[in-house]
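Protein chains in written order, with this note's numbering: chain A, 1 to 338; chain B, 339 to 676; chain C, 677 to 1087; chain D, 1088 to 1498.
In short, the hints are calculated from the structure, not lab data. Here the structure is a predicted model, which is why all the values come from computation and not from measurement. The C-beta atom is built at its ideal place from N, Cα and C for all residues, glycine as well. Don't take every hint at face value.
To be verified - Below, a sample of chain B positions facing chain C; criterion: calculated Cβ distance under 8 Å:
1. V375
2. I396
3. G399
4. G400
5. G460
6. F462
7. G463
8. D503
9. T525
10. V527
11. F633
12. H635
13. W646
14. H652
15. Y675
Claimed, not checked - 25 Å max Cα-Cα, derived DSS-like pairs, lysine-lysine:
16. B/K670 x B/K604
17. B/K381 x C/K998
18. D/K1459 x B/K603
19. B/K385 x C/K1007
20. A/K332 x D/K1494
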Amino acid sequence: MTAMNLIQALNSALDVMLEHDPNVLIFGEDVGYFGGVFRVTDKLQEKYGATRCFDTPISEGGIIATAIGMGAYGLRPVAEIQFADYILPAYDQLVSEAARLRYRSGGEFSAPITVRSPYGGGIFGGQTHSQSPEAIFAHVTGLKTVIPSNPYDAKGLLIAAIECDDPVIFLEPKRIYNGPFDGRPDTQVKTWAGHPQADVPEGHYTVPLGKAAIAREGDEVTVLAYGTMVHVALAGIADSGVDAELIDLRSIVPLDIDTIVASVKKTGRCVIFHEASRFGGFGAELSALVQERCFDHLQSPIDRVAGWDMPYPHAFEWDYFPGPRRLAEALKRAMEYN
Amino acid sequence: MTAMNLIQALNSALDVMLEHDPNVLIFGEDVGYFGGVFRVTDKLQEKYGATRCFDTPISEGGIIATAIGMGAYGLRPVAEIQFADYILPAYDQLVSEAARLRYRSGGEFSAPITVRSPYGGGIFGGQTHSQSPEAIFAHVTGLKTVIPSNPYDAKGLLIAAIECDDPVIFLEPKRIYNGPFDGRPDTQVKTWAGHPQADVPEGHYTVPLGKAAIAREGDEVTVLAYGTMVHVALAGIADSGVDAELIDLRSIVPLDIDTIVASVKKTGRCVIFHEASRFGGFGAELSALVQERCFDHLQSPIDRVAGWDMPYPHAFEWDYFPGPRRLAEALKRAMEYN
Amino acid sequence: MTVPNRPTLSLHIPEPSARPGEAPSFAQFDFGTAGAVRRPDSAEPETAMRDLPYELIRVLDEDGKAVGPWNPRLSPDVLKRGLRAMLLTRIFDDRLFRAHRQGKTSFYMKSTGEEAIGAAQSMMLGAGDMCFPTYRVLSWLMARDYPVVQLANQIFSNADDPIKGRQLPMMFSARDYGFYSLSGNLGTRFGHAVGWAMASAYKHDDKIAIAYVGDGTTAEGDFHEALTFASVYQAPVILCVTNNQWAISSFVGFAGGDKTTFAAKATAYALPGLRVDGNDFLAVWAATEWAAERARSNRGATLIEFFTYRVAGHSTSDDPTKYRPLDEPEKWPLGDPIVRLRDHLIAIGEWDAERHQALVDDVTQAVKDGVKQAEAVGTLGQSKPDIATMFEDIFAEPDWRICEERKTMGL
Amino acid sequence: MTVPNRPTLSLHIPEPSARPGEAPSFAQFDFGTAGAVRRPDSAEPETAMRDLPYELIRVLDEDGKAVGPWNPRLSPDVLKRGLRAMLLTRIFDDRLFRAHRQGKTSFYMKSTGEEAIGAAQSMMLGAGDMCFPTYRVLSWLMARDYPVVQLANQIFSNADDPIKGRQLPMMFSARDYGFYSLSGNLGTRFGHAVGWAMASAYKHDDKIAIAYVGDGTTAEGDFHEALTFASVYQAPVILCVTNNQWAISSFVGFAGGDKTTFAAKATAYALPGLRVDGNDFLAVWAATEWAAERARSNRGATLIEFFTYRVAGHSTSDDPTKYRPLDEPEKWPLGDPIVRLRDHLIAIGEWDAERHQALVDDVTQAVKDGVKQAEAVGTLGQSKPDIATMFEDIFAEPDWRICEERKTMGL
Ligand SMILES: Cc1ncc(C[n+]2csc(CCOP(=O)(O)OP(=O)(O)O)c2C)c(N)n1
Ligand SMILES: Cc1ncc(C[n+]2csc(CCOP(=O)(O)OP(=O)(O)O)c2C)c(N)n1
Ligand SMILES: [Mg+2]
Ligand SMILES: [Mg+2]
């Protein structure tokens, strides 16, 4: 076990996979010699050579097309998209090609690719370095979408993603790369040091895709969150005084519906918490599922606490960002409902 | 008033706008001399000249980028994407540029463009001529998304879209271009002839964006649908024997939340009906909204009847397509719930 | 600082040389002469061959003779196999087009006039190489003896459809025949070929990839991205543009094809660009051989433009007489690839009318038999794969959503 | 048919000429000689100028003299205004870069070494023309006297930010200065320029558009799509590639720039391609004038590559010594655009050290004043626009969602 931040944990996952499997290779903008703008691929080119970890043209569509072709050949490419905001030029490749190749070819070809991308806000990145586009992937059958919330999970999930025979979108909440974040920009910046989930094995292990974690047990309300928002939720729950159960989804496709339903049936209340804009966000699917499966158990309306319906506004980052206060209010509203 | 099918009504809307406003121009793949693969732009080049209605390179990203630039200049371009399945190469332009131009420029520039695209299944078009991607637009604040269900609405909504100062995605349910479709592929093909909403004024009129229509009044369950599914819903309701109220949303952004909420508060039950895959589809947002706003009025879980979570399968079109039977079953389930 | 006044601007919209009712004209093109274009060694640097994209590589002359440095000197046996593959394609196309009229399939697309391309390339390249096709290279499969019945099963979406009814007719996938999964999205697989070729190089393998787009599809961003990656990583891939003058109803000018050649696009990426008579089986073969040699020698990618003509309508949904002169196809100066190869075989004394008729009869029978066999399994709607297969292959393992939905259908 | 065995394939990954610790080298480039490149009439057809993309258009020679047919023969007054705009950019950059270190802004990007491009083009083009910028043409605004205080307000995201705090620093929008809204997405506005230019032509207007991408960004599909549309519709637009050798940490080889020029990409679209010394104010001016003349005469688009060097790091988030030799910037053979224009003015007897110092002092003061004024309004976080404005301009009219959310915030 070594103390690692999220970046180091991801780097370690890539290192392990490059070591174990000659079919794994890594590419993306600035990931080679330089080691990536967030240093996730640091030293991998040096260690494994330029053909295992290399830079690409600035062409997200080209990166994913290349990865799919490699996957069809039999490799397990790991492509980095520098920011999730810039994944959209590759959206057609992901949806029309990666997600469907196995199905449409009757199983003859498939695209076992992993697409890593730093994701989410909270770093004063403005409109184009802050977005959370998970909903547009979740709707596309054939893609898996993973969002880790801590170093231990990040490494285990990334290894599982690379070993997975399906295309996986692996979204890395960049705000928690260096430390957990409770949603309060004015408090002191924390590092991962000392965090129990920053204790990471150095070798190979996996965290299965599709298994949620109970980040906090509780009886009164179920909170559904993923990525950065798991930490913000812990702060919001603490503030609220409500004994909430917090579920860290870890992957939104596949979704661990059993854990969700069991919790809501126990608590009778549910608040969904994400950073993306609310309208048509992934919270809508969660709300619909919970409502369909726990109707008789619900004692208050399922609530969604999410980003406002607008482009991510630079100067208003903390007005847009759904912080602990907004969650705490929702929890109290849920408890007071009758 | 003239009897028009949906294609003729759309053609008439374009004709009216080309006539009224010199800033309106039309382009897309095969829309010029040929008049479009579905004939929606038939004769417009002949009537208004090649600079008002012309063909483009096969480059959906280029088409939308061009339209945005023209919009910024001050024109009102109407771009056709030949099939909604092929809109994805332009998704980045629509999301990162069209939807945000006004906001991010502090109001200095905007993109008053209309993007028309034939949409949906039921024509044995297979995986790539059948999809319903409305959810990925609905999630993007800054875009409006319109889906007409009959000739009268189609013309009035299209004129409203072209006159709208915001970018509008205008999805045309191609299965009902030539006639309403009740979801039963084995029954005789109907035309629009004699349908009350096929009586279309020849001149200029608008149907406002954001106003739903009550397609059928009823007391027992509210059904939410749009496009082709409005007609399928009528068949399903008739089959079920349930006195359902059917709301034709007409535009999903802006959404007529008041009409929806009023109806569900009256009926106490709600079934959402769309063709797109269920998971993360627009039905999820509708379900979440109804649940949030009508919680105390709900007598049964809000249900979603939708396409399966898979790529649109050619030979299994009618197994995939949510037909009247599936809706009728859901309506009965809703009524029997207790 | 102001600029002197000028006449006001006006918007240019390209127009083809002739519309219905007008006389077809190809006067805008320079077709060159068979045998005239030099054939540099494929090891030469790209900078030494920037003239090539503007010439038209032709081998078969007006008399059916094979001439010039690009003559691949094929054995009569190879030529006859090529002729058979093209004829199979032509006759199969005609039969299945009629099958669509009879409601036996939902859709069909012919490659009439373009059969030489896939046939020659399929024969020239190795079994382990991978073709990333469009819907207009059926002759690739024909040249490799892909079973006619399987093609028809796919086109009828019947119970034996090898891709289980999941795709529109013509969207074949045939891994064992070096034929990658097709789909309706134009251009998206061009970059897959580059990735596949890069993977082959990465693994120190010896296989190369070949990919196609139509003239119209060159306008997609994917085209540029694939060429950029192919150039940067020197991928062992042959990238082909089948320039058949039309993209549904849009003439080649809407892809910039009235201003320069498609082969010239290679120059933007420092890749060799060849412009080849696509209706000349020998020229197609020779250019492919040259590019394959280059790729296999680790010298990277080549862009080849095949100059040809789409004789039939775009698909069964199209009526080309609406937008081009009725007789334009027959006026195409480069003729019919089947006729030209037949005449060449006759010219070299290896063929005659009788043998040709025998081949036509044989192929017609093969098509008939294969299609009949498929019809016995079922045409569109008469039979289809087991419904439960609809829920398979979505993921490697289905998740609960798929399991639940399948159960809802009682499967 | 099998192909003879070959050595196995291997994957090529491009490498720059030098990495940290190694000696920088530009031996791979041919910089030509000032004055040597011919200047065809801009009315000539593209086919007559396919040599141009491979030459480097330079006007200022080693002695600071303006030589050759591309000399735009500008008045000393224009040159001095150009010098001032470049200096303003340089000094503003330095000051704001420091402001970032002091936590006054979240981000900053310099255009050090590239100031000639925007400055000359902004001055050369008309007030009604529209520039579709990247984040590295700040000198466009400086040349048009966009208020320094407004730039700083935007960069500080303060209460007076003209775009209301909505964007990252540098993402200006200044319609009245012919400066289109910037955003972080690379390449997406290249096609907007083409559309805007097409609109101008459609309206029989006389305005033209100009747009930029970096060398790295040429790899995006948008680049190709914009060029295709520009070619097909003969749009009155000038499309520029600012080739500064680097894209963050990736050298130009990852965009294919080690194999040919970016100007050569024009050939793929039958457009003229000019390759221009981007550090030569006069050469930039002359090439722009030539392309503008062509565009205004309804002859369509030109692609111009500006050959330059990114002297500073990519942005405040970058440390270039991690991936390139520390002294590479100073070894750039084409020098510093400010020094070169200053020396030219001196060489023609219009300038001296004293006057230069006075200009530097004056510009420094102007920057200081403007920035101070903005600081008084507030630096990052000290002040910001009215929160309610966050809910404006999402649509022309807010819908219920926006109204409800605004209400939730008590606004
Ligand atoms: C991305 C995308 N856009 C549009 C279409 C609709 N479409 C199908 S074929 C076609 C024309 C293709 O022309 P070309 O590339 O020249 O190939 P050809 O049919 O001539 O072989 C079009 C526009 C599509 N299938 N995919
Ligand atoms: C679509 C997209 N992909 C990636 C990025 C991240 N990114 C920002 S700047 C940059 C490098 C751009 O290089 P170049 O085009 O050469 O311009 P330069 O910075 O050198 O002026 C990258 C990769 C982005 N902003 N947008
Ligand atoms: Mg074509
Ligand atoms: Mg650069």
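Looking back at the numbered hints, which does the structure fail to meet, lowest number first? Per hint list: 5, 8, 9, 10, 11, 12, 15, 18, 19 violated.
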